[in-house]
Structure formats: C-alpha cells, structure tokens
Amino acid sequence: MSKNVYANKKKTNALLIPIILMMGFVPLIVHMFEYDANLSQFDWFPASSGLQTDFFFAWKMIAIVILGVVMIGIMLYRYLKKKEQFQFENSFYMLFVYAMFVAMSALFSSYKYWVVRGTYELFEPVWAVFAYMILCYYVYNYVQEEKQVNKVLLWAGVGMAMVTLIGIFQYFGKDFFKTGFGKHLITNTSFWGNLDSLNFNMAEGTSYTTLYNPNFLSFYFGMLIPLLACLFIGAKKVWQRAALVVAEILCIICLKGSGSDSGWMAVAAGAAIAVLVLLSRGKKLRYVGGALVVAGIIGSIVIANTTSFGERIKNTITGTYHMEDQYSLNDIATNDEDVVLKIWDNALSVSYDSAEDGTIQILCKDSDGNPLGQTLADEGTQTYSIDDERFANVQVQPVMFDQTAGISVYVDGISWNFVKTDDDGYEFLNPAGKLVKYEKVKQSNLFKEDAMSFRGHIWNTTIPVLGKHVFVGSGANTYLLERPQNDYFGQAYIYGFNNYDVKAHCWYLQQWVETGLFGTLALIGFLLWYIIRSVRIYRRVDLHEHLSWVGFGLFAAVLVYVIAAVANDSWSWHGSQPYACDKGKSVCKSRRYTDNKERQCRGAAEE
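Residue 7 is where the sequence shown starts when you use our numbering, and the numbers rise one by one after that.
For the record, the hints were derived by calculation from the structure and aren't laboratory data. Don't be surprised by glycine CBs; every beta carbon is placed ideally from N, CA and C. Among these hints, one or two may not hold up.
[Stated by the list, open to error] With beta-carbon atoms standing in for the labels, derived distance ranges:
hint, residue 1, residue 2, range
1, ARG247, ASN505, 37 to 47 Å
2, MET406, MET168, 51 to 61 Å
3, ALA277, ASN505, 29 to 39 Å
4, ARG546, ALA248, 26 to 36 Å
5, ILE72, LEU472, 25 to 35 Å
6, VAL294, TRP350, 18 to 28 Å
7, ILE279, ARG247, 21 to 31 Å
8, SER450, MET168, 38 to 48 Å
9, MET38, LYS180, 40 to 50 Å
10, PHE477, ILE279, 31 to 41 Å
[Claimed, not checked] Keeping only pairs whose Cα atoms sit at most 27 Å apart, straight-line, the calculated BS3-like set for lysine-lysine is:
hint, residue 1, residue 2
11, LYS184, LYS262
12, LYS440, LYS320
13, LYS474, LYS446
14, LYS118, LYS440
Assemble the whole structure, with the sequences as input and the hints as a guide.
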C-alpha cells in the first residue's frame, strides 16, 4: 500500500469518528448537571423547585450539539477546500421542509428560553434536533463502502455493549450507579459528601442502563434486536455468529428488564412486516405470506375475544374505562361564595366561616341549597362525613395552612384543599402550593384512560392542543409547556401529584405539537420514502451478501422505530443515541448501498 493510499484511508476513517461517537459513546455519558428549570413562574410548578439536577440527558445533549457542529465543519471544509460535491436525493427535500418548520416553530415560539436550552427532565432543544438531521446527511455523504459500514458497527458496538452490560447487571440487581465508584464517577466532587442520598428510585431488577427512562429502551433495544438478528444471518465467521447470539440474548434481557410492553409489540410487528417482505420475494411465497396475514388477523380476533390472555392484551391496548365513568369526582368549580364539587352528577356545595377564636365552621349544601348534616368521623383529625347517601364517599376537614384557614375535602380518600381569599373568593391550593382558580382541562374522549398503560389519558389531553399547531408548532422541547399541566384529576387518579407529562408518549403527537402538522407530515414522508423504497429493493436484491443483510437489518430496525413511536415519545434521541443513529444510518447509508443493489438488478434485467 502506497503512502498516499494509506494517508487517504486514514483521512476517510477519521470521517467516521463523529458517527461512531454518536452511536456508541454519547449514550454512555452520565454525569451531574445542575440547572435552573425556570418553571416556578407557572402556577403548576412548585416555587421552591427551580434548581434541578440532571444526570442522564444534559451532558448527552451538549455532546450531540458539539458533534453536530464538528460535522458541519467537516462538510464545509471538504466542500470549500477540497471542492467535494455534496450527495443528494429527492427524499432530502422532505427533510429540508421538516428542518424549515423546526426553525420556524423555534423562531415563533413563546417558549424560546426552553427551545434553546432544553426542558425539565428532558434536554431536546432545537440544536439537538438539527444535530440529528446533520448526522443523517453526514452519514449519507461519508459512509460509502462496506468496510466503512463494518468499521462503524464494530467501534460503535463497543459503546453499545457497555450500555447493554450496565442494563444486564441492573436486571440482576447489581446496579453500577448504586455502587460507591459509580456514584463518585457521575457526581461532582462537591457532592461526594452526600452520596448516600443519591437514588434514582428504580425498582430492583429494572434495566434503565444509561438512558434512565425505561421507555427509551423500547427504542434502543427494540431496534438492536432485529438488527443483530440480521447481522447474524449475514455473518460469515463462526466467532462472529457466536458473539452476535450473545449480544442478542443480552439485548432481549435488557428489553425484558425495562418492563416496556410497547417495545415487545413494536419488535413483533416490525419482525412480522420484515418477514412478509422476505416472503414476497417469490411468487409462491407471496401466497404463503398472504395466507399468514389472513390467518394472523382471524387468529388475533378469536384469541382476543375467547381467551383470558387475549382479553388482557386487548384491554391493555384499547383500555377499559373513561375517567368520568370510573371516578366519582367529575368536576370542581371555585366560586366567590363556595366550592362546588360534582360527585356522580350530584353537586355538593362546600363553604366555611372562621370565628374569632380560630374555629372553622364548614357548611355543606346540595344542588337545591338544602343544608346537609355532618357527623364527626375522626376526632383526632376533626374529619366529618356528610349525612347524605349521595356523598357517602366524601369527608370534610377544617385545616390551617400556615396561618391561613381553609378546608380539605376528601373524595375517595384523595384530599382537595381550598382557601377563601378576600379578592378572588374560593381558590384551590394546588399540589405546587399555589392558590389558583380551578380550571377543568379540556380533553378528548377518543381513547380510554388506561389504553396502552394510561397513555390514553395523555393522548386525550394532547389532542385539543393540536388544532392551533397546524402550521407551526410550539418549538422543540416545549410539549411540557404546551400540554396543560394543571391536569389535577389526572395527577390524582393516574400518575400522582406534582408529576408532569414532559412527553406525549407518542412521537407523532409530540412532533405535531412542537413542529406543527406540516412539519410532521414532511418527516413522516421522509421515513415512508425510505420504507417503501426499501420494500421494493429487498424484494429483489441478492440476500447472500453480508451488506444486504446489514441493510435489511437497518430497515427492520427503522420499522420497529416507527411502530414503537406510536406509543413512545419525542426525539428521545438525546437519551438513546444509538437507535437515533441507527435510524439516521438506515435512512441514509442503507439507501446509498441498496441503490447499488437496485442498479445491479436493473442491469441484470436489461441483460
């Protein structure tokens, strides 16, 4: 090998470093990051919780943005100095349209502080979104040979293996982040005296690796599982196949440890579609594939309606109830003279007076204004039950909030606190410790509350927001601010007070809110372009070659991604870099290589 060839090879390999870092090593970053969430200005967020600490996302985001800048610099240098022309294809017009709407949504956002910095518990600012689009185009331009593909997979695989091993140890109760060394490694030196207080509140045996949110693992390992399976089929050496079998088993264990049902559903659906694509390669096999589809549909309907297992699966997907049918408290009105609670369609009026000696006298009435008697239920807490069968599940209690008189109304054991003010009448003392007029959150009834592990409720409260984001969205990473967080019924009955929906638990809904409908359609079009083209290609190409199975594995991984995105959220790319990079690599690199296969097929047909 001549010196010039060797030098050119080194330079070409150096171009792969940003890709390898994004795929394999950025996900490993876990370290303390203190920041001001700047959310105390909102009524639903505690005033004392402005300063927050993040471990899993902030430094990943910073690394992503830095690598994005590096990739831009490399492309500009090679274009201006080396006169290299950028590669392009028509599908990138859709990605460009999406980028345009991301930029416009950020520019016109009312939440620019968070658009450029990231939000509470989630660091996905506009710069990170652009960095991933840059990664997508960068891979398309600079990963052009099979050796480069193998090199990226090999070195990025080192980082992925480390992420996986951390998850494996967590599954077996040996969490690295609970060890003294692990805590020292991920905290600032100023915190080392308080290491015993560091706890990520994960149940024993839960795999969260370096990604923190188990739902992110449905993307990460959901994409790796089909990719590794296809790499196994395409591998030529025994040791490679043995290593891939071990890796596949470990990924399956981690996905199981995450507890993500949506991940398994996405893997199953993606695998089924991938198998149908393979079956469509032969005329006879197409009929087999069609028969399997029909049999699968009929079998699913029968199982769902005749077996307890099928019933559980069906109920998990579709849900079982709407909130107003399940819980007695349907509405609250904080008026000037009283608080009115709607209990099973019966209005209960509650008010109180404070005597000079400090005693609080509570008055309860029904919808007709008739006074309701009260019986002391607990002398120690001075809690009273109401002498009316319509309100048998309601109790009232006089309380003092610091030096302010108020009342607690218990409905089904859940406390709702109210205070009478001179200026605004009765107000709700919310879980954040702030007095507000109670406003019922608008929501759709399209989904049942517990559909897809209570995602139905989140989707129902997201849908009313979509109408104002047809053209532009609220800006990257602003779902938390745009979706109503004063959903106190949802907090009370589903996910707990002072817990916030930072994600839509549906990537497409979140894209619509943050980027707008048009931008979301452009992004979906970009993905569909790749999927449809891949189906056409892999129905014809020679699958005896290793590279073909790499491309098909990436195609299967993208299928899992777009399916899992129905029930999982956001660009969570910042938290699980490999699946995002696999996606970018699939959409771009696989296209490049499968184009070659397509040309070969056309050439053979012409001959």
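Here's how the hints hold up against the structure:
no., hint, verdict
1, ARG247 to ASN505: 37 to 47 Å, "45 Å, holds"
2, MET406 to MET168: 51 to 61 Å, "54 Å, holds"
3, ALA277 to ASN505: 29 to 39 Å, "34 Å, holds"
4, ARG546 to ALA248: 26 to 36 Å, "31 Å, holds"
5, ILE72 to LEU472: 25 to 35 Å, "34 Å, holds"
6, VAL294 to TRP350: 18 to 28 Å, "55 Å, violated"
7, ILE279 to ARG247: 21 to 31 Å, "25 Å, holds"
8, SER450 to MET168: 38 to 48 Å, "43 Å, holds"
9, MET38 to LYS180: 40 to 50 Å, "22 Å, violated"
10, PHE477 to ILE279: 31 to 41 Å, "33 Å, holds"
11, LYS184 to LYS262, "21 Å, holds"
12, LYS440 to LYS320, "41 Å, violated"
13, LYS474 to LYS446, "19 Å, holds"
14, LYS118 to LYS440, "25 Å, holds"
Violated hints, listed in ascending order, are 6, 9 and 12; each of the other numbered hints is respected by the structure.
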